[in-house]
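Please arrange chain B on chain A, whose structure you already have, making use of the hints.
Residue numbers (the numbering used here), protein chains in the order written: chain A, 1 to 275; chain B, 1 to 328.
Simulated from the structure, these hints should not be mistaken for lab results.
If you're wondering where the values come from, they're calculated on a predicted model, not measured in any experiment.
Check before you lean on any hint, since a few could be wrong.
What the hints assert, rightly or not - Cβ pair distances, simulated, as ranges: (1) A:190 <-> B:273: 52 to 58 Å; (2) A:54 <-> B:280: 51 to 57 Å; (3) B:293 <-> A:56: 52 to 58 Å; (4) B:275 <-> A:55: 39 to 45 Å; (5) B:121 <-> A:195: 30 to 36 Å; (6) B:225 <-> A:56: 56 to 62 Å; (7) A:55 <-> B:225: 54 to 60 Å; (8) A:51 <-> B:239: 38 to 44 Å; (9) A:246 <-> B:275: 33 to 39 Å; (10) B:182 <-> A:195: 43 to 49 Å; (11) B:271 <-> A:180: 41 to 47 Å.
As the list claims (entries may be wrong) - Capping the alpha-carbon separation at 25 Å, the derived lysine-lysine pairs in BS3-like fashion look like this: (12) B:27 <-> A:135; (13) B:97 <-> A:105; (14) B:50 <-> A:131; (15) B:282 <-> B:315; (16) A:23 <-> A:195; (17) B:7 <-> B:282; (18) B:27 <-> A:131; (19) B:182 <-> B:11; (20) B:50 <-> A:135.
Beta carbons are placed, not taken as given, at the ideal position from N, Cα and C, and that holds for glycine.
Okay, here's what each chain looks like letter by letter:
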Amino acid sequence: MTSKELKIKSIEYRRKILQYIVKAKAGHTGGSLSCVDVLNVLYNEVMHVSPENFTSPDRDRYIQSKGHCVEALFVVLADKGFFPEEDLNTLCRYQSHYIGHPTRKVNGVEQNTGALGHGLPIASGMAIAAKLDHKAYKVYTLLGDGEMPEGSNWEAALSAAQYELDNLCAIVDKNGLQITAATKDVCSTDPLDKKWEAFGWAVREVDGNDVDALKEALLAAPFEKGKPSVIIAHTTKGKGVSFMENQLKWHHKVPTLEEFDKANQELENAAALLL
Amino acid sequence: MAENIEKRPYKANLEVYSETLQRLAEKDSGIIAVTSDSRGSGKLVPFGEKYPEQIIEVGIAEQNLVGVAAGLASCGKKVFATSPACFLSARALEQIKNDVAYSNNPVNVVGISAGVSYGALGTTHHSLHDYAVLRAIHNIIVVAPADNYETEQAIQQAADWPEPVYLRFGKKAMPFLKDDEKDEVFKLGKGRVITKGDDAVIIACGETVYPALEAASVLETEGIATMVISMHTIKPLDTGLLKKAAEKCKVVVTVEEHSVNGGLGEACAAYLMQHSIFRPVKIMGIPDEYTVTGSQTEIFNHYGINKTGISDAVKNLLQNVSMDKADK
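Looking at chain A on its own, in the form it has when it is part of the complex (with noise of 0.2 Å):
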């Protein structure tokens, strides 16, 4: 895709994540607006899965770790053909499949995430495999920053550097608040960069809303040979909402229709000025 089909894309995602969560009445804004990024250029530019793929041992794999955020997986899978996108009309709504947080009943999705800290282990699992049987498969996992203070991602990351992962990629969709206030403020984990490195990681901070930086360092990794990568993505909660952008209510409010009728206006005006 050209960076000007991937920034349209990313738009058109911010206006389905809008959609599907006024419909369902439920969902993480804010926090779906700020990782969509990530998720459009490892689905559509970085990573080898498909539908056609989705059973193949040799597939690389994604783990959503942040898995409130799930409208932002829910939206690319379903536009990556895994599943028909009306599914996404029974979004958090009586035995549907399409709930809160990713899990396996749908199709595409990996694992089944949602208490935090847990993608990082199991995507170091899924690399260690993918060592033992030599295949050339790369496991990505997105973590939120407010779920760094979780233990077992440090010993995860302590174990992925022991066994030089360098299959292995973490994004951290660093956009600095989480439900109670601003991360720094809450339990700050930086100097974050200089916490990877110094657990054995190699280490890129990149806009984590611009396409184009998302996909020069998804493409570079692994950074170093013999060392897992991480990608410390700074990212705007509520990106592309003027309203929503970095205000903490947009954690997990759901948007009025006069709300969202707003919204979809900026999204479309951002759209037009790219064509």
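The following block gives chain B in isolation, referenced to the frame of chain A:
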């Protein structure tokens, strides 16, 4: 009956775990042991020396241990995630629940030095809650083999079990429950009848089955015919066998190296009550307290988990039954 059995050489179930895993690994490179600095206590040093590619060491990090195991299992590996039961079933409980059971990654979660195996090390190292917490989690079976035969069989079956399995081993050498297992069929999920009798049934699991068997010997000398069941699979409970045994016998005694809350005994009692099988039941285990310290044997003796304590429990229940009859 128990005296003859002691003549047959036996070892700790943990050692059988390691030997069986080595045999399986010889034929299957997909067998992977994951340990948290516990290859020594898990008797997995020879496994690691023989199959260095098939042992993954994550250090003292139980949450990561289970997460990594889940990732490996999702890629088709037959994983045995090994760590002391006290930490594994508490610190990594959320990983067992979400990454293993909920995600249906068929990991064998192996709790070693379980119960009060680490007797003198105290409460931090005792695992008396694992049956209770794992019974409450869907899609994982809970298994505590009693002797070397059951251990070998359980591991072999667990390796190919399509769902997650929790296996629990103690440290002590465990005598065989029978002189010979010829013609026996061991099956995960099915209880194993060790002795037959229709006065009382003792249902035990893991390292408490042998003292139950000794108690049955004592009772036999006093003319009380006791059925002893090794209920090695605590979940799913073999309710068919439980029902048959309880209907046949006058009283039911359960014995386990676990808190009396939420374990084998409560599982049996709940089933019997809910199916209108009204028998006097005594649940023997560790009472709701932090245990005394000492060796496993000393702790068992303290709580009456020995031939005298168990046989007395049976006799007391039988006496109550006959008194009830006399009252009527």
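- Satisfaction of hint between residue 195 of chain A and residue 23 of chain A, Cα-Cα up to 25 Å: violated, 40 Å
- For the range 41 to 47 Å, tell me whether the beta carbons of residue 271 of chain B and residue 180 of chain A fit it or not. Taking Cβ atoms as reference, residue 271 of chain B and residue 180 of chain A lie about 45 Å apart, which means the hint holds.
- Query: Does 30 to 36 Å hold as the CB distance between residue 121 of chain B and residue 195 of chain A, or does it fail?
  - Reply: About 34 Å separates the Cβ atoms of residue 121 of chain B and residue 195 of chain A, which means 30 to 36 Å holds.
- Measuring from beta carbon to beta carbon, are residue 54 of chain A and residue 280 of chain B in 51 to 57 Å? With Cβ atoms ~56 Å apart, the hint holds.
- Item | Outcome for the supplied range 52 to 58 Å, where the beta carbon pair is residue 293 of chain B and residue 56 of chain A | Given range 52 to 58 Å: holds, Cβ gap about 54 Å.
- Query: Should the hint that residue 275 of chain B and residue 55 of chain A are 39 to 45 Å apart at their CB atoms be regarded as holding?
  - Reply: Between residue 275 of chain B and residue 55 of chain A, where Cβ atoms are some 42 Å apart, the hint holds.
- Within a Cα-Cα threshold of 25 Å, do residue 27 of chain B and residue 135 of chain A meet the stated pairing? Holds, because 21 Å separates the two Cα atoms, which is no more than 25 Å.
- Query: Range hint 38 to 44 Å: satisfied by the CB atoms of residue 51 of chain A and residue 239 of chain B?
  - Reply: The hinted range 38 to 44 Å holds for residue 51 of chain A and residue 239 of chain B, with Cβ atoms some 42 Å apart.
- Task: Measure nothing beyond the straight line between the CA atoms of residue 182 of chain B and residue 11 of chain B; if it is 25 Å or shorter, mark the hint as holding.
- Result: Roughly 19 Å between the alpha carbons, so the hint for residue 182 of chain B and residue 11 of chain B holds.
- Query: Does the structure keep residue 97 of chain B and residue 105 of chain A at a Cα separation of 25 Å or less?
  - Reply: Cα-Cα ~17 Å, so holds.
- Is it true that the CA of residue 50 of chain B sits at most 25 Å from the CA of residue 135 of chain A? holds, 23 Å
- Message: Looking only at beta-carbon atoms, does the pair residue 55 of chain A, residue 225 of chain B fall within the given range of 54 to 60 Å?
- Response: holds, 56 Å
The earlier numbered hints that this structure contradicts are 9, 10, 16 and 17.
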